[in-house]
Amino acid sequence: MFELNEDQQALVAMVRDFATGALAPHAAKWDETKHFPVDVLAEAGALGMGGIYVREKFGGSGLTRSDAVMIFEELAKADPTIAAYISIHNMVVWMIDTFGNDEQRAQWVPQLASMEALGSYCLTEPGAGSDAAALSTKAARDGDDYVLNGVKQFISGAGSSSFYIVMARTADTGNRGITAIVVPANTPGLSFGANEKKMGWNAQPTRQVVFENVRVPVTNRLGEEGSGFGIAMKGLNGGRINMGACSLGGGQTALDKSVAYLKERQAFGGPLINQQSLLFQLADMETELVTARTLLWRAADALDRGSPDAMKLCAMAKQVATDAGFNVANSAIQLHGGYGYLSEYGLEKIARDLRVHQILEGSNEIMRLVVGRILAGA
Amino acid sequence: MKITVLVKQVPDTEEERRLDPATGLLDRDGSESVADEINERALEVALRYKDANKGSEIVVLTLGPAAAVQALRKALSMGADSAVHVVDERLKGADIAVTAAVLAAAVQRTGFDLVLAGNESTDGRGGVVPAMVAEHLGLPLLSSLNTVELTAETVSGEVSVEAGSLAVSAALPAIVSVTERSAEARFPNFKGIMTAKRKPLATLTLADLGLDAGAGSGISTVLTISERPARTAGKKIVDDGTAAAELAGFLAAGRLI
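Heads up: the sequence lines are chains A and B, in that order.
First residue of the first sequence? That's 153 in the numbering used here, and the numbers climb one at a time after it.
First residue of the second sequence? That's 20 in the numbering used here, and the numbers climb one at a time after it.
It should be emphasised that the hints constitute simulated quantities derived from the structure, not laboratory data.
Check the hints yourself; a few may be wrong.
Facing chain B, from chain A, some residues (calculated, C-beta under 7 Å) [to be verified]:
no., residue
1, LEU163
2, VAL164
3, LEU199
4, SER213
Here are the in silico distance ranges between beta carbons for each label pair [unchecked claim]:
no., chain 1, residue 1, chain 2, residue 2, range
5, B, ASP259, A, PRO423, 36 to 42 Å
6, A, MET351, B, GLU203, 35 to 41 Å
7, B, THR214, A, GLU496, 48 to 54 Å
Just so you know, even glycine gets a beta-carbon here, dropped at the ideal spot from N, CA and C.
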């Protein structure tokens, strides 16, 4: 569990080659120009990154969650923003593969797994974030159709994606009245807000998704009516560890840059790494990352085995890893002094990108709520 | 069509590569080993033909120590159908002549319509193995192609020469080596990586190839090796109005212009 097996070594080596060549050299420019590189995502899709833990039958790669967190960490070393979008996309494809029927899989999974078509996940609303069960977007049954009305907030990939999994209310029965519905991008009545101006994650669009009498056939529903909240929560277990992995990747790059910089930077008569307080700081950063990675791999393993404590471990790992990644990136800025504050050194971007990982896929406060409620048996 | 691609495991060019002063052999523990990039381009040429012509077969072949199997696995994960690994304790330190003789015997045993190789490895850089294999087999050699066009009967391509380029072609079977200007190698995809270990990988010894025990002992012997001299400071030209002429003179003296 704590060593990469031969397959994982080969998977990680390939992802590293891809990320080093196709992502890293462009990450700063994409951030600066808010460019969403759909062509590069299609390249990633051709390599199997669009359906990492989706079964092979409809074009997925059939890998494990344990493989996936290693893959996401490697992608994020080059660009946390692109890695994180690929995670969200994977959650969408996995939901269709897991909760859809064979017709739905055959229709949507192949084009999504290859990333020729992109997917977005629509849960959060302007007035319902952490309290997701309070969402108000409605899907009213009308013959063989659902008619959707409402607004979704902070939707990654919105406007560029071809398919949107929408959590909508089909009954006024709290979290048991929520249903997952697939809405294709070209459906009349579907529109998008402006691309949000953000602290980080600039290389992927974030927009509102607006539904005005959006009509889709009932056959676009995933699973049963009322099963949407369960689907959303199950998806988030995987989303959480992936996001944790993205934070570890960003943090690892920040640490690697810091070690190299302190070895090279001369002050007070020698390289800065000879200053023990700074060396201790590096040691703390390494320890924080390895601690988080260890828990994250355990959570991924629990999810692979369908262990009963998977949800708890995923929540813990998400909190620990996203906090670790941001702390390390922030410390790396301090260790680089004034240079850390310059965009050219690439550290402020990592910190800006990783900051949001502490907020999304369930904020780190909600992670404590998940763990606490399990402890309290509630 | 059956294409055999010669591959080699080499030290990563991004790291410091060194010879072991005691044995004169490559220090394989000194740096990470990778599949030589130039071989991956040769494999890419074969894979593109296979993509367009289903039913083609690609065999990858290497001569090297046990760990060289990693280079074969990488080639299998990229899409080769099967692999052959010639590994024999007596081949340790095999020189170019021995290597070529053994590779020629191995490709003959495997069977082929075309043998593809890189024009030189990034470690030894002898650049003659494909030609020697062609000589052993008595087949035409198209050496150092920048582009390769392949049909069921012929292979052709373009070679850079000092004064321009040559268009060359040969009837199959033939031996072809490609330069680093040829097809850029693809990444293996996840499915390729996971299925690579289920593909056939044969291990052959000198005895399996019908080569006698003496075949392993090299014709050449390394007498001495010496460390690359430490870098010294370059010549500094202070411009007093004649710097341009001095620079041009320096470059001309070094035959750089």
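Do the hints match the structure? See the list:
1. LEU163: Status holds, d = 6 Å.
2. VAL164: Since chain B brings no Cβ nearer than about 10 Å to VAL164/A, farther than 7 Å, the hint is violated.
3. LEU199: holds, 4 Å
4. SER213: Nearest chain B Cβ about 4 Å off; hint holds.
5. ASP259/B with PRO423/A: 36 to 42 Å: holds, 38 Å
6. MET351/A with GLU203/B: 35 to 41 Å: holds, 37 Å
7. THR214/B with GLU496/A: 48 to 54 Å: violated, 43 Å
Violated hints for the displayed structure, listed by number in ascending order: 2, 7.
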